[in-house]
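Based on the provided sequences and hints, a complete structural model is requested.
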Amino acid sequence: MEPFTRVHAVAAPVDLPNVDTDRIIPARFLRKPRNAPDYARFLFHDVRFDADGAEKPEFVLNQAPYRGAKILVTAENFGCGSSREMAVWALDAWGIRAVIAPSLGDIFRQNCVQNGLLPVLLPPASVATLRRQLHERPGATIALNLETQTVTGPDGVGYRFEIDPFRKQMLLTGQDEIALTLGYEVAIAAFERRQGTEMPWLSAGRA
Amino acid sequence: MFEKVWARHVVAEGPGGHVLLYIDRHLLHEGSTSAFGRLAKAGRRVRRTDLTFATADHYILTSGAVATDPEIRGMVETLGRHTAVQGIVYFGVDDARRGIVHVIGPEQGLTLPGITLVCGDSHTATHGAFGALAFGIGSTEVEHVMTTQTLWQRKPQVMRVTVEGRLALGVTAKDVILAIIARLGAGGGVGHVIEYAGSTIRAMTMDERMTVCNMSIEAGARAGMVAPDETTFAYLEGRPFAPRGDGWARALAAWKTTPSDPGARFDREVRLAASEIAPTVTWGTSPQDALPITGRVPDPAEAAEGARRDSMVRALAYMGLTPGAPLTDLKVDRVFIGSCTNSRLEDLRAAARVVKGRHAVVPAWVVPGSGLVKRAAEAEGLDRVFVAAGFEWREAGCSMCVGMNGETAGVAERVASTSNRNFEGRQGRGARTHLMSPAMAAAAAVTGRLTDVRTLAG
Ligand code: SF4
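So the protein sequences, as listed, match chains H and G.
If you read the first sequence in my numbering, its first letter stands for residue 1, the second for the next number, and so on.
If you read the second sequence in my numbering, its first letter stands for residue 1, the second for the next number, and so on.
Derived by calculation from the structure, the hints in this document are not laboratory data.
Just so you know, these numbers come straight off a predicted model, no measurement behind them.
Hints may be right or wrong, so weigh each one.
Unchecked claim - Computed from the model, here is a short list of chain H residues facing chain G with C-beta under 7 Å: (1) L16; (2) D22; (3) R31; (4) E76; (5) N111; (6) F191.
As the list claims (entries may be wrong) - Output of the computed footprint for chain H on chain G, the stretches with three or more beta carbons under 8 Å from beta carbons of chain H: (7) 18–26; (8) 137–148.
As the list claims (entries may be wrong) - With a straight-line Cα cutoff of 25 Å, these simulated PhoX-like cross-link-like pairs (lysine-lysine) come out: (9) G/K155 with G/K256; (10) G/K331 with G/K356; (11) G/K155 with G/K4; (12) H/K168 with G/K155; (13) H/K32 with G/K41; (14) H/K70 with H/K56.
Here a beta-carbon is modelled for each residue, glycine too, at the ideal position from N, C-alpha and C.
Right, dumping it as structure tokens:
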């Protein structure tokens with residue numbers, strides 16, 4: 001996983017609340033392998049392209065100033081709905097490294113950190129200010145620094161964001177969570193022994 | 001209740017408030033194939049094959065045919081191969097027990113009170129109806145559970161939603177949860193687990209409680225729970241994978257300690273009165289866009305706040321609706337009765353009661369949640385009621401809830417659906433979904449428009 005330290009890049013505003021992961025990647029693309037060469041095309045597919053596959057000019061990522069965006073600044077509850085991790089894969093394939101929002105779908109947020117994308121939660125008023133600035137100056141950049149936990153807006157104003165130390169460390173180092181957990185083998189085995197005695201009925205599989 | 005289940009599953013404390021949580025049940029479906037692929041590539045095995053169960057639901061065709069699309073067929077075949085290699089119980093293609101993962105877990109007695117249960121699917125909250133801590137996870141986390149039987153989790157907050165009183169005639173569990181989501185908002189439960197309580201919930205059957213818990217995620221909550229009680233235990237006793245004999249007695253004693261203690265504190269409390277809940281339908285493209293069937297399409301001009309107005313305008317345009325139109329004026333093109341929200345036996349019975357002696361005037365599908373639901377419904381003659389009324393009686397699966405298998409509605413088709421999501425494009429590109437209960441969907445099928453089921457006498 002690619003470590004996340006800093007990103008200073010163009011940010012695109014997404015103004016509608018409750019953008020669900022079905023919209024981020026429609027169901028019919030979920031069976032496509034992640035290494036498919038056109039994976040980035042699945043991102044927001046049905047709102048980005050018309051029925052003939054032509055770009056819809058009104059969609060933010062189709063507009064010239066935002067084509068190089070690496071950051072999305074969204075309204076509340078972005079990434080709600082389906083657990084499909086492919087929503088994050090599609091964002092990643094397109095080049096998005098971070099999502100700034102007042103709130104994010106819980107599973108989506110978890111999927112972000114599993115893929116080295118930084119989810120940044122800020123108060124609604126701060127996010128609204130950032131989005132307004134991005135509209136006023138299309139193509140403006142935002143700087144993100146995970147080490148110092150700061151977002152710096154187009155006007156140079158900084159905001160501190162909270163992230164729990166565990167996720168921060170994983171993102172900074174790009175560490176594989178499974179490898180980390182395998183280091184807990186003794187504790188896991190002890191838990192299993194105790195549970196096997198106290199709740200033997202839980203072991204049910206008889207393949 | 002949540003606190004107790006959580007505390008019993010902590011394997012280790014990690015940094016920053018994270019804990020390593022043990023997982024008692026891991027359910028898999030075709031969407032798990034990419035995790036299986038990475039597992040195999042890393043040369044790893046599923047750690048606890050006795051706690052891991054798989055079925056095919058999302059990509060299987062409910063016509064009974066085999067998919068001609070090689071990618072769709074491949075999803076099912078790949079799952080079969082991986083489960084065989086790993087030695088996992090697989091309710092596969094020709095197994096009568098096969099069905100929607102959230103229907104068969106409870107049906108087989110895999111879902112039990114007090115356990116942790118995960119699945120790579122956001123409607124895993126369904127299993128919380130048994131007092132389990134059950135939540136959806138992403139594909140990387142699926143691989144993590146396969147490998148370690150654990151997950152790193154940060155403790156969520158707990159919200160109690162209390163519903164008190166008797167539901168009026170024609171009002172169902174689906175209406176209760178739609179009303180709750182409308183109250184909380186689609187993001188209102190983010191970061192929370194919901195405990196559903198109150199006399200209305202207590203009076204519900206397990207099928208009904210599952211309908212309520214199922215849609216917790218539509219309010220943003222990753223999990224929803226109902227305290228286990230005699231209704232729960234009666235449902236579970238004798239199920240194939242439920243404990244038996246001495247194990248049953250020991251399990252029962254443990255389960256009875258699961259519910260919250262009186263005076264337990266919650267981070268947030270929400271109350272609803274059953275008497276205020278009417279048969280409900282959604283008009284927009286978020287499950288929070290729900291109104292009583294007696295209502296009218298809302299007017300964005302009356303929305304207080306700009307962002308809300310913009311999303312209403314967009315939703316109305318997508319749905320092809322005019323502000324102020326009575327909801328009962330909306331003509332439907334298609335009806336879908338199914339999904340992990342409403343495809344269990346009681347759902348099919350409720351729909352059949354409305355359908356009996358009438359005839360569908362638009363294409364209408366009934367897709368049972370599992371092969372066993374289908375069989376039980378046929379034993380009662382429900383299939384004959386539906387078929388006589390011109391409905392299609394299909395094989396078990398997710399089908400048009402999400403259309404991953406290619407079973408989708410057409411562009412601009414208006415669908416009365418018992419599923420859980422009315423998102424743009426959810427049932428097919430450009431398809432327009434109205435969520436409602438099985439009885440209401442059946443009523444829409446026989447009238448060809450959104451209909452207050454209470455007006456269909458007899
Ligand atoms: S029925 Fe629908 S919501 Fe339920 S698991 Fe299947 S696709 Fe998901």
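What hint numbers does the structure not satisfy?
-> none
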